[in-house]
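2 protein chains.
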Amino acid sequence: MRTPPPFAPVQAPWQLSERASALTSSAIREILKVTERPEMISFAGGLPSPEGFPVEVIQRAFAEVLATRGKSALQYGPTEGYGPLREWVAHRLTKAGAKLSGQDVLIVSGSQQGLDLLGKVLIDPKSKVLVETPSYLGALQSFSLYQPTFRSVPSDEQGLLPEALDAELAGGARFLYALPNFQNPSGRTLPLERRRALLDAAARHHFPVIEDDPYGELRYRGSPVPGLLALSEDSGATVIHLGSFSKVLAPGLRLGYIVAPHALVAKLAQAKQATDLHTATLTQMAVYEIVKGGFLETHLPGICALYQHQCSVMLEALAEHCPAGVSWSRPDGGMFIWVTLPAGLDSSALLEEALREEVAFVPGAPFYAEAGARNTLRLSFVTVPEARIREGIARLGALFARRIRQESAHAA
Amino acid sequence: MRTPPPFAPVQAPWQLSERASALTSSAIREILKVTERPEMISFAGGLPSPEGFPVEVIQRAFAEVLATRGKSALQYGPTEGYGPLREWVAHRLTKAGAKLSGQDVLIVSGSQQGLDLLGKVLIDPKSKVLVETPSYLGALQSFSLYQPTFRSVPSDEQGLLPEALDAELAGGARFLYALPNFQNPSGRTLPLERRRALLDAAARHHFPVIEDDPYGELRYRGSPVPGLLALSEDSGATVIHLGSFSKVLAPGLRLGYIVAPHALVAKLAQAKQATDLHTATLTQMAVYEIVKGGFLETHLPGICALYQHQCSVMLEALAEHCPAGVSWSRPDGGMFIWVTLPAGLDSSALLEEALREEVAFVPGAPFYAEAGARNTLRLSFVTVPEARIREGIARLGALFARRIRQESAHAA
Numbered sequence: 008m009r010t011p012p013p014f015a016p017v018q019a020p021w022q023l024s025e026r027a028s029a030l031t032s033s034a035i036r037e038i039l040k041v042t043e044r045p046e047m048i049s050f051a052g053g054l055p056s057p058e059g060f061p062v063e064v065i066q067r068a069f070a071e072v073l074a075t076r077g078k079s080a081l082q083y084g085p086t087e088g089y090g091p092l093r094e095w096v097a098h099r100l101t102k103a104g105a106k107l108s109g110q111d112v113l114i115v116s117g118s119q120q121g122l123d124l125l126g127k128v129l130i131d132p133k134s135k136v137l138v139e140t141p142s143y144l145g146a147l148q149s150f151s152l153y154q155p156t157f158r159s160v161p162s163d164e165q166g167l168l169p170e171a172l173d174a175e176l177a178g179g180a181r182f183l184y185a186l187p188n189f190q191n192p193s194g195r196t197l198p199l200e201r202r203r204a205l206l207d208a209a210a211r212h213h214f215p216v217i218e219d220d221p222y223g224e225l226r227y228r229g230s231p232v233p234g235l236l237a238l239s240e241d242s243g244a245t246v247i248h249l250g251s252f253s254k255v256l257a258p259g260l261r262l263g264y265i266v267a268p269h270a271l272v273a274k275l276a277q278a279k280q281a282t283d284l285h286t287a288t289l290t291q292m293a294v295y296e297i298v299k300g301g302f303l304e305t306h307l308p309g310i311c312a313l314y315q316h317q318c319s320v321m322l323e324a325l326a327e328h329c330p331a332g333v334s335w336s337r338p339d340g341g342m343f344i345w346v347t348l349p350a351g352l353d354s355s356a357l358l359e360e361a362l363r364e365e366v367a368f369v370p371g372a373p374f375y376a377e378a379g380a381r382n383t384l385r386l387s388f389v390t391v392p393e394a395r396i397r398e399g400i401a402r403l404g405a406l407f408a409r410r411i412r413q414e415s416a417h418a419a
Numbered sequence: 008m009r010t011p012p013p014f015a016p017v018q019a020p021w022q023l024s025e026r027a028s029a030l031t032s033s034a035i036r037e038i039l040k041v042t043e044r045p046e047m048i049s050f051a052g053g054l055p056s057p058e059g060f061p062v063e064v065i066q067r068a069f070a071e072v073l074a075t076r077g078k079s080a081l082q083y084g085p086t087e088g089y090g091p092l093r094e095w096v097a098h099r100l101t102k103a104g105a106k107l108s109g110q111d112v113l114i115v116s117g118s119q120q121g122l123d124l125l126g127k128v129l130i131d132p133k134s135k136v137l138v139e140t141p142s143y144l145g146a147l148q149s150f151s152l153y154q155p156t157f158r159s160v161p162s163d164e165q166g167l168l169p170e171a172l173d174a175e176l177a178g179g180a181r182f183l184y185a186l187p188n189f190q191n192p193s194g195r196t197l198p199l200e201r202r203r204a205l206l207d208a209a210a211r212h213h214f215p216v217i218e219d220d221p222y223g224e225l226r227y228r229g230s231p232v233p234g235l236l237a238l239s240e241d242s243g244a245t246v247i248h249l250g251s252f253s254k255v256l257a258p259g260l261r262l263g264y265i266v267a268p269h270a271l272v273a274k275l276a277q278a279k280q281a282t283d284l285h286t287a288t289l290t291q292m293a294v295y296e297i298v299k300g301g302f303l304e305t306h307l308p309g310i311c312a313l314y315q316h317q318c319s320v321m322l323e324a325l326a327e328h329c330p331a332g333v334s335w336s337r338p339d340g341g342m343f344i345w346v347t348l349p350a351g352l353d354s355s356a357l358l359e360e361a362l363r364e365e366v367a368f369v370p371g372a373p374f375y376a377e378a379g380a381r382n383t384l385r386l387s388f389v390t391v392p393e394a395r396i397r398e399g400i401a402r403l404g405a406l407f408a409r410r411i412r413q414e415s416a417h418a419a
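Top to bottom, those sequences are chains A and B.
Residue numbers for the first sequence, in the working numbering: 8 to 419.
Residue numbers for the second sequence, in the working numbering: 8 to 419.
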């Protein structure tokens, strides 16, 4: 470890930027550190299930690419991404109702990088940025580096309320950021009529909408709702779409994409060039090798069946063990359930007790850009074995019940 | 392609950030677009030679990792990087004279990402940043996104002049950025005594030095000069070291590292988490599999021999074909030769003529943060076959001679 010299000057050897001084480690990251013990039943993670990783298929694809096109797979490549993969993304989204060419697609190193590039290109200090309540914590962190002023869009259990997007709230916004499908953290899905109304508001107030959709293909109940990108075709609204291979193939590959009008793709590519030159050529070629023949169509039903089962086990356990006054979302897909406790309970304080009983979750407050509901929490069901889901929820339910009794005794 | 709706509002559908409005495509990138035709003899690229990519070794490593640890290689991983690879980097640099642990190492997605993270964490708008004259274009672009004020450190043919780093120039600088070994673009190497003097100035004026060292292991002539990181141990100066696997294994993997005091690594990791969560786990594990047994020690001599041969062919051709008044660097390693034409000649104007004769190079001006020497240009020798190096330099030499004659006729 490098230690300071014995007579180091009092002055620090470097000065942090204003944005770096404001950076803190994510609340989730800190919780995850204490949940790594094997005894802990952790609903705090956001990891997809490794049961769903097609390891052998990925192994064959890397071997095939290296054996047949090794030298080009290992050379520098274009910043915009590997052409055939860009075309594949455009074609897949066109089948879902958008009208795209490969030029509208920028390949990125995971959709988290998409968030960073969009922040770089669209946010100045104090720019107004509209977010859902709650919103994805990783996006709030990413945008925060560019020092925007977040404005929260009011929501209910079905998602954001488009009628709230009046001139006062929406005027001059650089963009609205939304996760319409099985949102992280709430699990909720924005209904079709609200999607249409959101796009009308976006066209009327001239703000683009960023549609972050990592979970859209993980639907295990109900019918798909058309995406904002597809719906935007006739709306006059601009939609920037973020997609990811993390939840449909494997997150350790770090591969995602941004879809945007190609003038904006060109600007995002300039920013990406300065940021990391391009995403790994080998990874792009291997993933294209996997998906080009329709692999996802046969692979996704298995993941959806697994997640549906895990989700229903947790929903049953919640119904069995939670006391009156506690409610929770019933997601149609994705990885998360959102729990709302009676008003006045603070889930951060509850977490300390839960950790002592070897159960972990993520408190809801960090998911709000502004002061949020402290009586909420996020549960992930995908990586925990069935029996441990039941045991963990039983412990949480008992803890909720105890706290609710204490609160009412205190109030009486 | 997504076209605007027929009655699109006059107002643009998005507003770019100030930093994005200032972004332009790299001069090199634009030149490379016109040099892709097979007839073109291009000395403009900065690509390493694919002859040096150990394709089969890389193929075996990916296969091994996926076969034995596939699920963990494909899962999300820690932002700081894969532990054994961090330890390997620390150990390798410790052998070279630094004293490090794995905690001082942050794995990044290519050292270009290292530059972006350092810009994020250390630069505020108008922060003073010290750079060499000339400097690496990709670093200037990367830092520019954070809107610093660049100050150029005077230099000669051996590199920067440490005695120029007085309080006026160096006071309050956020950092000095330097490529001490076989610099891109100049090919020059900073002598030992200047390295020591630079570190003294850094300690005296309290600025950290960023040592970017992608080419350091590509020495094919002379003896290695100790790196700034190793020399900093007793100097009281803070050195942040950037390394890369792009030139010693393959650039398409996108893998590099930042070495810094671990308090700064922690802050850089927070920024990286918001930027792209982490670098691909699979790639890190595969590269560790390759390097852990000492592969680079047997692999690098072959690359160095290849580059030495390519370099000497170009140096011979320059001596044979260049008219009096033209000078060039004689690098001891790396990939680039820097040519200086008589004062008054503009290499950007010359490039247009050269392209008509199917030869390409990169003009020197974009490598200067402030107004630079327009009579300079960069040549890369690594990917062009020997006969075409001779032919291309013959055409350039004739062109230089013609221009010099025209200039003197004009002046007479």
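By construction, these hints were calculated from the structure, which means they are not laboratory data.
Be careful, since some hints might not be right.
Copies of the same chain look alike in the list, so a pair counts if it works inside one copy or between any two.
Below, a list of computed lysine-lysine pairs in the DSS-like style, where the Cα atoms sit at most 25 Å apart [to be verified]:
1) Lys78 with Lys40
2) Lys133 with Lys106
3) Lys299 with Lys102
4) Lys78 with Lys299
5) Lys40 with Lys106
6) Lys40 with Lys135
Just so it is clear, the structure is predicted and the values come from calculations on it, not from any experiment.
- Item | Same-copy or cross-copy closeness of Lys40 to Lys135 [CA-CA at most 25 Å] | neither (33 Å within a copy, 37 Å between copies)
- Up to 25 Å CA-CA - Lys106 versus Lys40, copy category: neither (44 Å within a copy, 28 Å between copies)
- Item | Alpha-carbon proximity context of Lys299 and Lys102, limit 25 Å | Result: close within a single copy only, 14 Å intra versus 46 Å inter.
- Query: When no copy is named, should Lys78 and Lys299 be tagged within, between, both, or neither for a Cα gap of at most 25 Å?
  - Reply: both (21 Å within a copy, 23 Å between copies)
- Item | Same-copy or cross-copy closeness of Lys133 to Lys106 [CA-CA at most 25 Å] | neither (34 Å within a copy, 42 Å between copies)
- Same-copy or cross-copy closeness of Lys78 to Lys40 [CA-CA at most 25 Å]: between (40 Å within a copy, 20 Å between copies)
Checked against the numbered hints given earlier, this structure breaks hints 2, 5, 6; the rest are met.
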